[in-house]
Structure formats: structure tokens, C-alpha cells
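**Q** Below, each chain spelled out in residue letters.
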Amino acid sequence: MRSPQHVSAATPPIAGAGQELHNFPTNQWWVAALREEVQPGRLLERRLLGKSVVLYRTTEGKAVALENRCPHRAAPLSLGTVVGDRVMCGYHGFQYGPDGRCAHIPTQSAIPSSAVVRSFPVRELGPLVWVWTGAPELAQHSEPPCPQWLLDDATWALIGEAMPLKANYMSLKENVLDLTHFGYVHASTFKITDWVNPPEVEVTDSSVKFIQRFENSVCPVMYLELSGLGPERRVNRYSWGVSLSPAIHEACMEMTVLETAPGERAEYRSRFAHITTPASSRETHYWWFTGNDYGQNNAQGQETLKELIRVAFREDKVMLECIQAAADADPDYLNYREVSVAADRPGLQARRILMRLVEQEKAQPGT
Amino acid sequence: MRSPQHVSAATPPIAGAGQELHNFPTNQWWVAALREEVQPGRLLERRLLGKSVVLYRTTEGKAVALENRCPHRAAPLSLGTVVGDRVMCGYHGFQYGPDGRCAHIPTQSAIPSSAVVRSFPVRELGPLVWVWTGAPELAQHSEPPCPQWLLDDATWALIGEAMPLKANYMSLKENVLDLTHFGYVHASTFKITDWVNPPEVEVTDSSVKFIQRFENSVCPVMYLELSGLGPERRVNRYSWGVSLSPAIHEACMEMTVLETAPGERAEYRSRFAHITTPASSRETHYWWFTGNDYGQNNAQGQETLKELIRVAFREDKVMLECIQAAADADPDYLNYREVSVAADRPGLQARRILMRLVEQEKAQPGT
Amino acid sequence: MRSPQHVSAATPPIAGAGQELHNFPTNQWWVAALREEVQPGRLLERRLLGKSVVLYRTTEGKAVALENRCPHRAAPLSLGTVVGDRVMCGYHGFQYGPDGRCAHIPTQSAIPSSAVVRSFPVRELGPLVWVWTGAPELAQHSEPPCPQWLLDDATWALIGEAMPLKANYMSLKENVLDLTHFGYVHASTFKITDWVNPPEVEVTDSSVKFIQRFENSVCPVMYLELSGLGPERRVNRYSWGVSLSPAIHEACMEMTVLETAPGERAEYRSRFAHITTPASSRETHYWWFTGNDYGQNNAQGQETLKELIRVAFREDKVMLECIQAAADADPDYLNYREVSVAADRPGLQARRILMRLVEQEKAQPGT
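Chains as they are written, first to last, in our numbering: chain A, 1 to 367; chain B, 1 to 367; chain C, 1 to 367.
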């Protein structure tokens, strides 16, 4: 294995055979699990940023995230059991509390002060369990970048699911920051073929937003059933996407129907979230969510939409995993020159922000 | 792959991703196979301490162990055939005798003196074939550390089997040197829950022994059928375990029944052997044997005992393999600080002896 | 992974665990595919000398070979589609022509001059598609070393097929340069047991030829049906084999029947080609072909011959793959001393020629 590569703003989000690419900052809130995955009395193992973490709930229902490695003889704590508010190691019965401190050793009363596992700050918001993977004291100055609509199922009729990805998380983020791939990757599913111009771009210190407007267009196939609009109806479509943080990308699609009949609804709004947590530099926990403000009472239409999105997002998954696999087979991968075009601006800006964060952390390893 | 790590007495017996851990001394007798596995006319391939070895029998029935690599064009000799006392390579027909010297080349009469494979000293004792993997001249000063009871099936009613292990061999040795894991790993199988105190420990230059006494206890579930003792009968249990060498751990469990009726048997003795041969630093050939002096005429009871032990030892196998797999996924593994407690003393002492042997061999590579 | 090893003429064609062995010169014609594999409208991915290449046909039917990696965002072009004479990337729709230059970007009219993939010179000869993997300007001074009989199915009644090999290509070349393995590897298939003497050898700067004569012998089992000769008929057999280039080995077997009846046929000629293209240093695209001048009208006899050769060549495949696998498991592999005998002369000469080519290319990386 080669040493971790120096990564610069120009570094592509995929590394070749024998190369590591540490392009994930740790002082961030990342989604560790869906809330429903962390069940009372159960232990959930999850690899986050290369490290194994165990999640469980206390008797009061509070989610806890601990380093998944007993400091005694290195057994994964996830092989143990939940005992009250603690996790008990399945090898020799050592117990650890929510703060990570060892609270019980069966064979002696003295507990070494070094018998402690790392405890990660946790926040539960809507359907998501967020974990802070960096210096714990920095967590309190920051809240998970979770859009409000994700907390409001009643208004937004949420659907979504996990779609694990064998590729670097940044390749998914760049994918959703450049939707000119619609006409190729999703030609036979979404059938949106007018995404042919580079977008407007707005950049801040920590986020990148693209904006795209389609005037006098039609309702996309995916929303025909749910909106009840006919395929001949003319609409203006307004889309944007924003990388809120390395952990989450939010997107919007709004339709305004042209020439509405009196009393007819004119506005149809959708939101998307693309949530990406690196398991390793080659594997990503990816969850997608979408919500819309017109599907609340149409379970069948919501199910049709979910299935279409699932099929289409699998097209992205296949593409990104093939790119990762091709890189994994090629030791020269990082030596290739990458050609970028105007439509890549949002992705390149996001990459730059990301690498700045990674490099800042390298320069201040104490934080 | 990183260079082999420097290993010290404090080095845990598991190495992380990309790390090698050479914690096995070569100037030792190791078990290569069960005697019944080396059959006349057959070639048995086995990986010992990272090297492939081929075993076979001469016409007189003597077991031979040779390096499994033809020096001509590197074919595994185990793909060949036994021809009299020799093994014949299956590629070009070169033949090698029990001393490893090439004795026949089909295409010419001259035999290069360099056409020789390594021949390993072999001893067959009871059910086991032992191989000396170090400097051959040192083998004659040493005999395999095989307990007498393993050679005496008539008295000890032996049972046992192979249980290949995807973990470093030393993790199994430490497992059997600290039986305080019984209450957790084997809670639902052995159901021995009184192993809660650190043991007495006796250490010599080359062995570690723990001793544990349980006064006024009961007969363990695993021996109820074979001993015919009722679950209410009170017994004193006397247990010890000793790491005889890196290759083998011997253990004892003796019960003395309290308040016996006149003429009733009072003493019930069992022995165990845990035999561990590194295939590599991450894979172990593990064989377990047990014998007892009261099961000779109870085939059904012996079978019940064997099945219970098999199920319980698979619990150890799962735990140790999960620990190894977690380490294999973590390049930082050897940087973790390990917390030890009093009950770890026998394991830590065994580790120290082992690492002393490894370091002595490094300092004297000629031997 | 260790750095690429220095390879010398004495370097065996197999490298051990963690070792790379770059023993393939690039300024060569290599067979990339069978002609019938490159179909109109389809994209064929093939790994050649460690690099992924995509093959397709233009509207005029000309075969094209391009680097299989879009320079934009690294998608394998083989996931895309053929559009006229171009390949279109399946991710964002960039199009590349037969010369490798980007000819269309959907989102902008300006095409960066760096948007180009490597285009490999191609020649189609008989059943084979040859690709030049080195400096393109050198291709024109060289033609694929394809024997004439491979282009003349009418005379030579060709049969053959692909037999992918998980081993370094040179191990197959050395296998067919030393047929003294017949009596061992093919003892029960070809049953040719008289290949027991080192051959005559003729060496030029770029090729090695062995010659072997068997006087007053019999017709090999494999040709009995096709020739109609009885097993008692005496023949002189004349065999040679020549490594024409790293990519191809040609061989000959001619029988002259002794004591023919008036008007009876006396001469029976066969040819063989062993075509080897490294996919990586551990995997080889291997195709074998054979032709003979007496089987044109005997489809059943040709089929019998093909099946026997297939079974026998699988014996070589098993042996070579086991040797490779044994090396792959042994980090010390290249440190072993190799013992050679007189029968190895052709193989060793071929190895020397090969390594001279590799070292010349290293010394002149510009070519």
C-alpha cells in the first residue's frame, strides 16, 4: 500500500490501485444511520470514515455511538450485548457507558483509567442519526446541516432509502452537482434531455450552489402521475442543488404551470437530499431522500415515484462503481490528467472546499 | 504491504491492514498434520509458518516433509506423484528423495548439486505428525512437547478434531490461558459461570501455567452424562492450563466428588490439548484434543461431549476471527493502546516468552 | 505493494506476493481479440498490458482500439455507445473519434485540446485483431508476426479457441518451448512419451527455435482418427517450435510414413500457434490455434482433435496457474534460486530476448 497521497484541489475523487485518498474531513457531522436502524436492546455496527463504530440506545432511548473496539483484547463491542445504559463486551464482559468509560470489569474491582473507548457526539434529527467524528469539543459549536423539510414529513411527503455505494463519496457529490449527465445516464428513465447548458453557480466559503432554469418546458415523466399534469402542459422548471457540507447535498425542483385554469394549482415543489458518509475511501453509505408538497394523499403515486428514482439512481451507482473499479485496477490512476469543462464548475468548487477542510485539519491535528 | 513490524512483548497477537506480524519462532516442533492425513501413495500440501510443505510416506511408512516447490520451474511438488520413496514433480518429472536431493532428471544423467529441496525433520507421536521448521541440526536436541496422555487412547478415551482458524495463532493461545471468557463466550454452552477470579500463575523460562480451584462446586454440564453425576452433587474442581510451547497448550480439569457413598468413584480426570500451527500470521491450523479417564466404554457420552465442545469452541473461533477481521480492516491497529488486567497475566507471560524466542532467532539468523 | 522489481535475463516469469513483474515489451504487436469478437455497434473492453482498452468498428467496418477511459471524469468508454464512427461516453456524452480526439461535448462548443484518448494502431489478419501498444510512430516499421497458414483456412483446416490463463504469459511461452513436459503433464492425454532428449536449438537476435526428430516412431494418438493411419504404422516425426515474438509462438509437427503402399499418402503436416497477450503480470489472454493439411473434409475428426487438445491444454493451464498461485502466496518468491537443465535452453534464450527488449524500452522511454 502506498502512503496516503498528497491531495490538492485538483485531485480527482477516486484513487487507483494501491493508493489511499483521505478526502474526508473529520470535524463534521455525518449521518451514521437511519433512526429506525438504532433499536432498543440492539447493537448496530457501522464503519464511518474508516473506523468501526457501534450504535445503541440507552434505557431512556438516547442514541449512543462508541468506538467499536474493546480496549482490553480488541473484540468488536458490537458482538456483545446492551446491559441497561451500557454495552457489555462479549469476550470478557467488560462494560462501557455512554461516555465510553469502562464501568465494570468482572474479574476485579479496580478499573484502569485507560479502559475507555471513544464516545461520539450524537444528534437525532428527523429520520437521521448524525455523529460528530472530530474533536468532541468542537461539536457544540456546530449543528448538523439538516434541511428543515427533512423534519417535516407531514408537509413534504418524504420517501427515501439507503443505497450503499462502492465508490468514493465525493464522486457521488460531483455527480449530483452536474446534472448534464441526465441525458446519458438516465436517458431511458428520467427522460430529461434539456439539461444541456452549464449552470449558474454561487459559491460561498463552505457551500456551492448551481441554479438552472427551464422556460416553457414540460412536466418531467417522474412527476406526471403525482401532479396529474398532462404531458402536453407547459411549465417553467426551476432547479438548484447545493452542497451544504461534505455530508449532505440538497436539491430543489419547482414547477410553475403556465396558463392555469381558474382555481387550478400552479406551483409544484420537490426537494432532494443526497446524504453521503464515507465508510472508507472506496465505500460510501449513501441515503437519498425526496419530498414534495403535492403527494401527501397519493400513496400509489409516491410508490411509483420511489421505484422510478430507485431505478434511475442505480444507474448512477453502476456508473460510479465502474469508475471506481477501473481506478482500483490501475496503479497509475492519479497520474492521469483530468479534463474539465464549464459544466464541472460546481463540482470543482465543492472539491476545492472539501480539500481546504482536509488540509486545515492536517495542519491542526490537535483539533 | 508495510515492512514487518518490530514486535515486542507488548505487541498484541493481531496485526492491522497492510501489517505483517511474524510472531512465530521457527526453531520449534509444530504439528503439521494428523497422522491419518498422511496416507501411503498420497501427497499432502500444507502451509506451515508461511511456507508450503508437502508430506508423504516412504514405502516403509516413514512420514517425509519437503519444501513444496520444485527448484527447476517452481511447480508445487504436491501436484506430482509418489514414486517409491520419492516424490516426482508433475511438470517435468524431476524426482526428489526423503533427504530433499534430486535423484532423477528424465532428460539428462547429470544432476545439478543445487537441485535440492528442503527436507524437514519429522516425528510421529500418537495421532500427530510433528515437523521441525528451523535449523535441522537443532532438531536433534529437542523432542516434540507432546503430553503422554495424547499417546494413550486406551486410558484417556481421546476425542478431537481440526478447527481451522482465520486468526493469528497467539490469539487462540491467549484465549485458552484466560478462561474468564467462559461466562460470556460460552454462557449458553458450557454454562460455567464461576470463572470470575484471576488465577494463580507459575512461570518458567519457557512455559506459563495458571491454576484455578473451585471448592464445593458442581459437575459442569459437559460432564454430567459421561460421569453419571447428578447436577446436585457437590465436587471440588481443580483446573490448570499450561503453554508447553508455542505449538501446544495443555489443560487439566479434575473433579473430586464430596461425600461419596462407600465404593463410589470419587475422582474424574480430563485433559485438553490446544494445538496451534501458524499457516500465516492471519491463519492457523488448530486442532483440539481432549481425553478423560472415565469415558472409555461410553461411546454415546463421548459423542455428546465432542459435539458440545465443538459448538463451544466454534464460539471462540467466531470471536477470534471477528477480532482478526476488524484488525485486518484497520491500518492503525498496532497503534492502539491495549488495556490489560490481572486475569491477563498468563497470556501476557506467554506472549513475552514467545517474543523472546522470536527476537533470539532474529539476532542469530544462522541458527 | 513493492516497487517493480529489476528484471534480468535470469528472472523467472512469475513474481511472488506483493511483487510486480513487468516482463512485457510495449513496442510490439499483440493480439487484442478474435476478429469475430469485435462486432458492429458493440464495444468490447479488454485489458492489454495492464491497461483497459475499448475496441469497436467504424461504419466502414474498420476496427478501432482506444484507451478505455474518458479524460473528463474517467468513465470507462466501454459503458457508452457507438455513434457512427465514434464512441460516446455513457456518463456525460463526450464523443471520441477513431483517432482518439474528442469530437463533441454536449454542453459547449469549445473542445479542449487535451480531451483526447490514446488510439492504438490496429491490424486485422485472418482470425485475429492485432494492436500495437507502444509508440504509434514505430508501428509502421513493423507488421504483426502472423504465420501465413493462419490466414489460409482452406489449406490448413484451422481450429482454435481462447483459454484465459491466470499466470504470467511468459510461463506459457516457456511451457511450449520445452516439450519434455509431455510425458508428465500430458501422460494420459497426448500419450507422447518419447520427448526425453534436450532439443537442437537455433537462436537469432529476436527468435528462438527448437528442433526435435523422432525416427521410426508411431503416429501420435491425437492424429490417428484424422490421418487414418493405424497405430502400428511407422513414421518419422519432425517437430519444431519457434518464439516468433513475445506475442506468438509457432510450432510444427510433420509425419512421414515409412514404407507406404503405391499411391498412398506419405506426408502429414500440422501447425500450431500459441498466442499470448499479457492482461497483467498475473493474467494472460491465451489463444491457441492449430491447422493441418489433411483434415479439411473431416469435420468429426477435427472436432475430436479439438476436444483432445482442449483437455490437454487445460492440463498446462492447471499447472501454470498453480505455479502462479504458489508464487502469489510467497513474498520471497524471487529470492529462490532456479535450477535449469539442458532442456531449458530454448526457454532461457526466449527469456533473454524478452528481457533485452524490456530493458531497451526502459532505457529509451521516449520510444
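There's no promise every hint is true.
Unchecked claim - Beyond 12 Å from chain B on every Cβ pair, some chain C residues (computed):
#, residue
1, 45
2, 85
3, 148
4, 190
5, 199
6, 203
7, 312
8, 338
9, 343
What the hints assert, rightly or not - BS3-like cross-link-like pairs, simulated, lysine-lysine; straight-line CA separation at most 27 Å:
#, chain 1, residue 1, chain 2, residue 2
10, C, 306, A, 166
11, B, 306, B, 62
12, A, 51, A, 362
13, B, 51, C, 317
14, B, 51, C, 166
15, C, 166, C, 362
16, C, 317, A, 317
17, A, 166, B, 166
18, C, 317, C, 51
19, C, 306, C, 317
20, A, 51, B, 317
21, A, 166, C, 51
22, A, 51, A, 62
23, C, 362, B, 166
24, A, 306, A, 317
25, B, 51, B, 362
26, A, 51, A, 191
27, C, 362, C, 51
28, B, 166, A, 51
29, B, 306, B, 166
30, B, 191, B, 51
To be verified - What follows is a list of derived Cβ distance ranges for each label pair:
#, chain 1, residue 1, chain 2, residue 2, range
31, C, 336, B, 338, 33 to 41 Å
32, C, 336, B, 137, 19 to 27 Å
33, B, 166, C, 336, 51 to 59 Å
34, B, 338, A, 142, 32 to 40 Å
None of these hints come from the bench; they were simulated from the model. Virtual Cβ for every residue (Gly too), placed ideally from N, Cα, C.
**Q** Honestly, which of those hints from before does the structure not fit?
**A** Numbers 5, 8, 9, 10, 11, 16, 23, 26, 30, 33, in rising order.
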